[in-house]
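Chains as they are written, first to last, in this note's numbering: chain A, 1302 to 1939; chain B, 2 to 507; chain C, 168 to 272.
Please keep in mind that the hints were generated in silico from the structure rather than gathered at the bench.
Please read all numbers here as calculations on a predicted model, not as lab measurements.
Note that the Cβ used here is the ideal one computed from N, Cα and C, for glycine as well.
Among the hints, erroneous ones may be present.
As the list claims (entries may be wrong) - Lysine-lysine pairs mimicking DSBU-like chemistry, simulated, CA-CA at most 35 Å apart:
| id | chain 1 | residue 1 | chain 2 | residue 2 |
| --- | --- | --- | --- | --- |
| 1 | B | K160 | A | K1328 |
| 2 | B | K457 | A | K1422 |
| 3 | B | K372 | A | K1419 |
| 4 | A | K1696 | A | K1471 |
| 5 | B | K495 | A | K1419 |
| 6 | A | K1422 | A | K1383 |
| 7 | A | K1422 | B | K106 |
| 8 | B | K160 | B | K372 |
| 9 | A | K1383 | B | K205 |
| 10 | A | K1330 | A | K1422 |
What the hints assert, rightly or not - With the Cβ distance kept under 10 Å, some of the chain C side facing chain A (calculated, not the full set):
| id | residue |
| --- | --- |
| 11 | T194 |
| 12 | R195 |
| 13 | K196 |
| 14 | I199 |
| 15 | M203 |
| 16 | E206 |
| 17 | L207 |
| 18 | F259 |
| 19 | I262 |
| 20 | V267 |
| 21 | D268 |
| 22 | E269 |
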Amino acid sequence: MIDYTYTLLIPLIPLAVFLFTGLAGSKLKPQVSGLIGTTGLFAVTILSYLTAIRYFWTDHVAGTGYASMKAFEIQWLHLTEKLTINLGILLDPIAVMMLVVVSTVSFMVHIYSLGYMKGEKGFARFYTFLSLFTFSMLGLVLATNIFQMYIFWELVGVSSFLLIGFYYEKPSAVSASKKAFIVTRFADLGFLIGILMLSFMTETFDFRTLVSPTGPAMAQAGGATFLGLSAITWALIFVFMGGAGKSAMFPLHIWLPDAMEGPTPVSALIHAATMVVAGVYLVARLFPVYSLVAPDALHVVAWVGGISSLFAAIIACTQTDIKRVLAYSTMSQIGYMMLALGVSGYGGHDGLGFMAGNFHLFTHAMFKALLFLGAGAIIHAVHSNDMRDMGGLRKYLPITHITFLIACLTIAGIPPLSGFFSKDEILVAAFHHNMPLFIIEFAVAGLTAFYMFRLYYSIFWGKETHYHHTPHEAPATMTIPLLVLAFGSVFSGFLPFHNLVTSDGQPFETHIDYMVAVPSVLIGILGIVVATIMYRKVSGAPLKVSTGFGNFYTWAYHKFYMDEVYLFVTKKILFNLVSRPVAWFDRHIVDGFMNLIARVIERSAYLIKGFQSGRIQQYGYVFVSGTIVLVIIFIYIW
Amino acid sequence: MNILSLFVLIPVLTCVGIVFTKNMKQTRLVSAVGMSIQLILSGILVYLYLTERQAGNMAEMLFTYDALWFPTLNIHYTVGVDGISVAMIALTGIVVFAGIFASWKMEFLSREFFISLILLATGVFGFFISLDLFTMFLFYEIAVIPMYLLIGIWGSGPKEYSAMKLTLMLMGGSALLMVGLLGIYFYSAPAGGQLTWNLLEISKINIPIEMQRFLFPFTFIGFGILGALFPFHTWSPDGHASAPTAVSMLHAGVLMKLGGYGAFRVAIFLMPEAAQEQAWIFLILTSISVVYGAFGAIWQKDLKYINAYSSVSHCGLVLFAVLMMNQTAFNGAIIQMISHGLMTALFFALIGMIYGRTHTRMINEMGGLMKVMPFLGVVYVIAGLASLGLPGLSGFVAEMTIFFGAYQHTDTFHRILTIMATTSIVVTAVYILRVVGILLLGPIKNDHFLHLDDAKWYERLSTITLVLAIAAIGIAPLWLSDMINVSLAPIVNKITMAGFEFTSLF
Amino acid sequence: MTGTIPLQYFLIISTLMFFTGIYGFLTRKNLITMLMSIELILNSVNINFVAFNRYLYPENLHGHFFSLIVIAVAAAEAAVAIAIIINIYRNFRSIDVDKVDEMKF
């Protein structure tokens, strides 16, 4: 057993930074808080890379699988005789992979924000929240048990809430943050119920016990059924509901586009690269249970992923806010990952989907963070989010332009960029396991290329817009992260994921399946070509096409009215038909009943108070006649 | 001198001391000193308790002391504590301490105010240390009565109405309770021996089941009214809304816990068979409380009403857990009592502080306060997060323990109720975020608010004490949970001995 | 001696006194006359005490003691009552009992 206890520092450094800047923040100069945060994250990144290198290469005995190991664990709370909540650090391939993703993107965002947030009023607060987020996300990634994951799951939720609502004087930011928190909270309710069911059946929270092929979870296959699904399937579907909420899967996705109200680096970190893939990570964590015990639940995962990716891709083609386009694109790509997990089998080459999902998670984190940070640089230069205010920016922002183009090509799946490899593996997995889903994803690949290049051309080419201030390239603190991430987007596809991150820890062979790869590249190119024709120069084509689609376009433009549906359910039904009647009922019926009792007593008192006349002689009459009556009773009647 | 008797003696001495003070400054100084001593004493008690247990003293109650004070009815002054009461005493110590500092600027009849407040605290401390049912009841009444004066004299809004309503409803509860306690007393020696009020003595015998069936509802509802059991909770919104800050803090923070504690210690512990038979009725009522209180809170406009309904929801969860009757659920109930006590006290303290500045409690008249009073704003957000169950703060620990405890029942009835109760975490998030959004965030609605100042030192002291306690439980719950668990063992034993057949609808 | 006057005579006297007192107490409006009526009632009781003592337990003195105590208390009571009446007069400018009905609901 190799000692990895030092990994404890990885989550603890951001925590220390959070506490320090949070408590002393107002006393420090803003820049100092920023620098402390960034330095802390630098250390975290170094440690994470060190851990990754040690885990995957130097400490690894060639020819064996990658075991999962607990670097550290303490008891946190006893629940029942069997259930104990621990906090600890679990290292296994996906955890280490996520460690690299989180620390890299977070570090880049920390650097980037030094430039982007410069001069903002809440600079120190921003870094404090970023540290809190990084701490929670690392805790989530390293969780040894499902309950620890839930704990940090909630913490990332709240950091996301705080960061979306960073500009708290803006009502739209406040309502977006509320929406994000409440929608994910609703999903977390499902997660909690899932944990309750799962832990009751298996009597453990521990991931290693849960996913062990001989563990208690595996004994639960079959069993009592409800609506044709076994209890553990329901438990896993509920758990997935939590994942779907965090990962903005249809129909719990409505918070993600609004979450773009937050500062752009936050969108890059939380709402593109790390937190939103937590749902994928959760399913990947419990993958053996899903795969071996509850394949039905896995079908749900696959279909939810597939539908979300198509749904989001269609909407993304119609939006004009560049961050919203990217948000829907994120949702679509996460749908891909979910689908990959959903169509995967367990072990060996069957586990291709599992590997592909995680692979895509990794590459997506790089290129999507790059896209968001690039968008941030553009917004920084133009002071607008709307692509209709942009055009011809390639002359003003050369570095941003190049890196953005790289990212667009990557997401469109053009070889040899990283997106090609990961997406190709997903398509292969879908091709072999689920044909309808493959067709959906194939279409989405084309749509993705189309909307990304629509975005790209609208920003950097298209009409020559006149700007009030000549846009200028962002400072080095912002362009360096762009370059680093562009490097990652280009080359991360060459990582041997099939050796490192697999469903059962054993490496397997993969090769490019030309049956799938060639058509998928072609449809990507087709999407790019269509976008080039329509958007490279100002033309009437977009209008014609959009009117050609008629109502469908309007529906997509309005995001299929999902927000309205939710508003109807919450405002009209829950607030007006439940909460308001409850409040009324309480004040008027329940309390009214109590008041009624009081009033009845008061009334009856009023009726009999005449007896209390205050006249002594009247009392005397009553007294004497009462006595006489009693005497007569006692003497003659008794 | 028995350390537990000090808990009653010090507040009484403080009251006597206040009588001799000349002005508000002296009064509050004496109160602050007295209650600080009390807080330190609570700390010492926790320490002593833990060392005793560590040393292997496994007696059911520690630091016991017994004196006969009314031989005719065999009424004793019997005190003793286990982990549960120690935890409750520590809670009371903290909340009272914070409450004194939250009413630092009480200028109107300050001597009388502080005397009533500390008298109330005396009752609460006495209640938690008592092992004799009659003495316990006596202290319970001592705690309830000053409430009338505190709300009626120093309150706001329709204070006479609220004070009367609160007192009458709680007295109604006391009446039911008295019936229950007398019944227990007269059946405390079935073999014809000496009748006793002693909790531990009674727990050794079994009250005849027919009597339990009759007495349990009286005792449970009697305590339940104080614990805001639906539909007897309506004193709570009015009472809290009219009460002055410190009184709301003490009332919601500590006094309502008397209900939960009593329901657990007396009703369930002494009459487990009847509890099991009748649990389903009360489980339905408490589940309603949990969800209904949360939904009720969404629609309110007055900060104190919101918090009062939230208390109904959270206290409903306490009784819900108590009725689940297994070790985990009990543990969760106790932690929830402490957690709710701390965070609701914090809420009421903050509401009082905000009201003292803006002179309104209507949330739609306020907005953007985070900008003008960042300290209070941040603490309010922390309190809100604790209330909606954020990990790292106390509410999470309590709720999770309760849910896991409740889920241990395998029948459909309990499962459905458990899941109903869990939905409250979403609804809670809705109303908390709604308030935070309207009250603290967004643009400032009223220019007059721009000149308001942030918290003073005594307000900071009061809120930080509470925040620290909330965080301490949230971050490291194990010591508290273990302390409670050890003491739960005899109680759970008695219940398991009574057999574990749950009556349910299904 | 005891043989000459039968007990019934005493009892008849005291009963008459008692009911005269009751009648006065209930019908008179003047507080002073009401007080006098009460004295009549008390004295009727005293007569009963002494008479019963003499006829039933001549060897004991309990009845006498009781009547003495009643007399003493009646004296004290009269003093207090008159003080109250004076106060009532000061407040109400009247000692008519019908006017003194403030002690109601």
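Going down the list of hints, with the structure as the test:
In summary, the hint linking K160(B) to K1328(A) is not supported, as the alpha carbons are separated by about 43 Å, beyond the 35 Å threshold. A distance of roughly 24 Å separates the Cα atoms of K457(B) and K1422(A); the hinted pair therefore holds under the 35 Å criterion. Between K372(B) and K1419(A), the direct Cα distance comes to roughly 20 Å. Compliance with the 35 Å bound is thereby established for this hinted pair. Annotation: proposed proximity of K1696(A) to K1471(A) holds, straight-line Cα distance about 33 Å (limit 35 Å).
Between K495(B) and K1419(A) the CA atoms are separated by roughly 65 Å; this puts the pair beyond 35 Å, and the hint is violated. The hinted pair formed by K1422(A) and K1383(A) fails the criterion: a straight-line CA distance of about 50 Å is larger than 35 Å. A threshold of 35 Å between alpha carbons decides the hint, and for K1422(A) with K106(B) the separation of about 34 Å falls inside it, so the pair holds. Note on K160(B) and K372(B): the hinted pairing holds, with a Cα-Cα distance of about 32 Å set against a maximum of 35 Å.
A threshold of 35 Å between alpha carbons decides the hint, and for K1383(A) with K205(B) the separation of about 29 Å falls inside it, so the pair holds. Restraint check for K1330(A) and K1422(A): satisfied, since their Cα atoms lie roughly 12 Å apart, inside the 35 Å limit. With a cut of 10 Å, the hint placing T194(C) at the interface with chain A holds, because the nearest CB-to-CB distance is about 8 Å. Interface hint status for R195(C): upheld, as the beta-carbon distance to the closest one in chain A is roughly 8 Å, under 10 Å.
This hint holds: K196(C) has a C-beta 8 Å from the nearest C-beta of chain A, less than the 10 Å allowed. With a cut of 10 Å, the hint placing I199(C) at the interface with chain A is violated, because the nearest CB-to-CB distance is about 14 Å. Below 10 Å, beta-carbon pairs count as interface contacts, and M203(C) has none with chain A, the closest being about 15 Å; its hint is therefore violated. Annotation: E206(C) was flagged as interfacial toward chain A, and the flag is violated, the nearest CB pair being 15 Å apart, outside 10 Å.
About 14 Å separates the beta-carbon of L207(C) from the nearest beta-carbon of chain A, more than 10 Å, and the hint is not met. Nearest Cβ of chain A to the Cβ of F259(C): about 13 Å, over the 10 Å cut. The hint is violated. Hint status for I262(C): violated, given a least beta-carbon distance of 12 Å to chain A, over 10 Å. With its C-beta approaching chain A no nearer than about 8 Å, V267(C) sits inside the 10 Å limit, and its interface hint holds.
For D268(C), the suggested interface contact is upheld, since its CB lies about 4 Å from the closest CB of chain A, less than 10 Å. A least Cβ separation of about 6 Å between E269(C) and chain A falls short of the 10 Å threshold, and the interface hint therefore holds.
Of the numbered hints listed earlier, those contradicted by the structure are 1, 5, 6, 14, 15, 16, 17, 18 and 19.
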